[in-house]
Amino acid sequence: MSPSNIVTIRELSKEYRQGEIDVVALNNISLDIAQGEFLTLMGPSGSGKSTLLHIIAGIDRPTKGICRVQDIDVTKLNESGLADWRNQNVGFVFQTFNLIPVLTAFENVELPLLLTRLSAKRRREQVKTALELVGLADRSKHLPRQLSGGQEQRVAIARALVTDPKLIVADEPTGNLDSSSAQEALSILQLLSKQIGKTVIMVTHDPKAAAFGSRSIHLEKGELTN
Amino acid sequence: MTIAGFIARNALRNKRRFLLSVSSVAVSLFLLVTLQVALRELTNPINDEGSTLRIIVRNKVSLAQPLPARQLPTIERIPGVAAITPFSYYGGLYKGDEKFTSFAQFAVDPVRALDLLSDAKVPPEQLKAWIADRTSAIVGKMTADRYKLKIGDRMPFTGQIYPCDLEFKIAGIYEGTADDRNVMFHQKYLDESLGNPGTVGTWWVKASSVEEAPLITERINKAFANTSAEVRAETERAFQLGFVSMWANIKILIGGISMVVVFALLLVTVSTMSMAIRERFRELAVLKALGFRRRELFAFILAESFGLATLGAFFGAGGAWLLYRSLDMPKLTSGMFVVFEVTPQMLALAFTIAAVLGLLSAIAPMIGVARTSVVQGLKTLD
Ligand SMILES: Nc1ncnc2c1ncn2[C@@H]1O[C@H](COP(=O)(O)OP(=O)(O)OP(=O)(O)O)[C@@H](O)[C@H]1O
Ligand SMILES: [Mg+2]
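Protein sequence lines correspond, in order, to chains A and B. Read in order, the letters of the first sequence correspond to residues 3 to 228 in my numbering. Read in order, the letters of the second sequence correspond to residues 1023 to 1404 in my numbering.
If you're looking for bench data, these hints aren't it; they were derived computationally from the structure. Note that beta-carbon positions come from the ideal geometry of N, C-alpha and C, so glycine has one too. A hint or two may mislead.
[To be verified] Taking beta-carbon pairs under 7 Å as the criterion, some of the chain A residues facing chain B (in silico):
| no. | residue |
| --- | --- |
| 1 | S82 |
| 2 | A85 |
| 3 | R88 |
| 4 | F94 |
| 5 | P114 |
| 6 | D166 |
[Unchecked claim] In silico BS3-like pairs for lysine-lysine, Cα to Cα no more than 25 Å straight-line:
| no. | chain 1 | residue 1 | chain 2 | residue 2 |
| --- | --- | --- | --- | --- |
| 7 | A | K223 | B | K1401 |
| 8 | B | K1037 | A | K143 |
| 9 | B | K1121 | B | K1082 |
Use the sequences and the hints to build the structure in full.
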């Protein structure tokens, strides 16, 4: 395990019990992800891409195996420890944006910062920087419904990076976007990994989207096939 | 943005639903407080010191049966009796009233009654005038104010119980009793109008001490045992409570209605909160993913349901308090309700109920949120 690896996964499995049958979502996966990588996860539907992403991001737990992010085994943290860890280390981008509809773009981006000890002034600065980075500084007062899908997703990316996390995870972030909006979103993710050194892990079906990444891995029936 | 701002924004996201829920809490608690006020008014007998000293002697058969006037010297001789006067409820309909006159008229012996009316303040010259003129009466200040009566005015009544109409000249206006509404006139005047039947409605007796009052009532009862007019003597307080027991069923009824109101209210708040949280399950999962802990989400839910319920209580109970303070209840209800006051205890009750409602309606959503993992929550559809 080299020190530049941010994520270390060893013999990771996830099974679901469905009555009598065991569904194997992930089967004995071992994977290293380096700092600053833009990793894309591909594979057919049901192959376990989301499951793997969720475990790395600390919102799901494996049945067995190790998933270490930096020096912390996230599978060993308890509920609230994991929540704190996510707040500080992971930024989420979802397929359906998942902005809070009653909050403005600015407030949506500010949301994860409410859990930190930052002063209101410092929070405002960070939100501004994040919105500028995604090119939406002029839309900060807009509500999600007053934004286009592409703009919404860029706000979501700003929300994901506002806490300055090490990892940004994205589950089919372009799935609901037209191709030009998708290009914009992907360029931003690429920029984050290339120029700011964030580690980005993205699930996608689209080979064109995967082309933005620095490395691509394939999952098939819960196993890596490279 | 602050956490409080975030909670408020969430609560107000469906403004119409929020408004309707707050209104239904407000209206229900308004009703509840009103019921409590009415209940208190109906069941709280006027409780002044004199009422434990005063004894009412009535016919054992019923209150409607008169007593022979010749009983007076017998009662007067009973040890412990400090004063006695005839006390006959005339129950006339005052000119201008349609069906019901809201104040009582009692025939008394003015000179004897003075001892029993010790808390009534009447200027001495008015008292003198009353004693001197057998067709005159003294009137309680509340009644005088209500009908804009002054000394020298005439008050005509139509007899409803006694077959005689009477007209009194107002000799004085008194105040300072627990209920300044009654009209007091001469028993002699009533007797004459009825052709001197030699009867009185009841006797009004003053005991020499509070401790002795129960003994005296017993002595009076014994004195007329096995006569043609057996009596029942009881302290005024007991007499009032006897009336009050009539209201016992009403009390149960009002209590029952109050419970139903609270229960219906519970259903409203529980369903509102369940709906409000259910449609936000996905967002709550997103908040969890962003690092909000379970207990923070619990706090959001509790704050929202508490806020809704207490806001309702604020408008409902507070509204009742303001309204009944500013309304002239005696006038509006023709004297049926006099005090009609929202007490601090009633406000406390309303807010306690609101707090409990807030808590109870947060339970189901909190369980739902606790049970749902981030991944499950993210999968729920909007
Ligand atoms: N809660 C669950 N209970 C049972 N089985 C589950 C559950 N969640 C996922 N699975 C199963 O785990 C497997 C992997 O699911 P996952 O969502 O990771 O697939 P995916 O690769 O993300 O697919 P897609 O591209 O369609 O999103 C699937 O076979 C799915 O049926
Ligand atoms: Mg998936």
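Under the criterion of a CB-CB separation shorter than 7 Å, is P114 of chain A in contact with chain B as hinted?
-> With Cβ-Cβ at 5 Å, under 7 Å, it holds.
Taking the closest Cβ pair, is D166 of chain A under 7 Å from chain B?
-> violated, 13 Å
Verify the proposed pairing of K1037 of chain B with K143 of chain A, using a straight-line Cα cut of 25 Å.
-> Answer holds: K1037 of chain B to K143 of chain A is near 20 Å, not above 25 Å.
Between K223 of chain A and K1401 of chain B, is the straight-line Cα distance small enough, at 25 Å or below?
-> Answer holds: K223 of chain A to K1401 of chain B is near 21 Å, not above 25 Å.
Once the shortest beta carbon distance from F94 of chain A to chain B is found, is it less than 7 Å?
-> Holds, because the Cβ-Cβ distance from F94 of chain A to chain B comes to roughly 5 Å (cut-off 7 Å).
Straight-line Cα separation of K1121 of chain B and K1082 of chain B no greater than 25 Å?
-> Violated, because 29 Å separates the two Cα atoms, which is more than 25 Å.
Verify the interface restraint on A85 of chain A: the C-beta must sit less than 7 Å from at least one C-beta of chain B.
-> holds, 5 Å
Interface hint compliance - R88 of chain A to chain B, C-beta minimum distance less than 7 Å | Constraint on R88 of chain A satisfied, holds at 5 Å.
Taking 7 Å as the limit, does the beta-carbon of S82 of chain A come near enough to a beta-carbon in chain B?
-> Status holds, d = 5 Å.
Of the numbered hints given earlier, the model fails hints 6, 9; all others are met.
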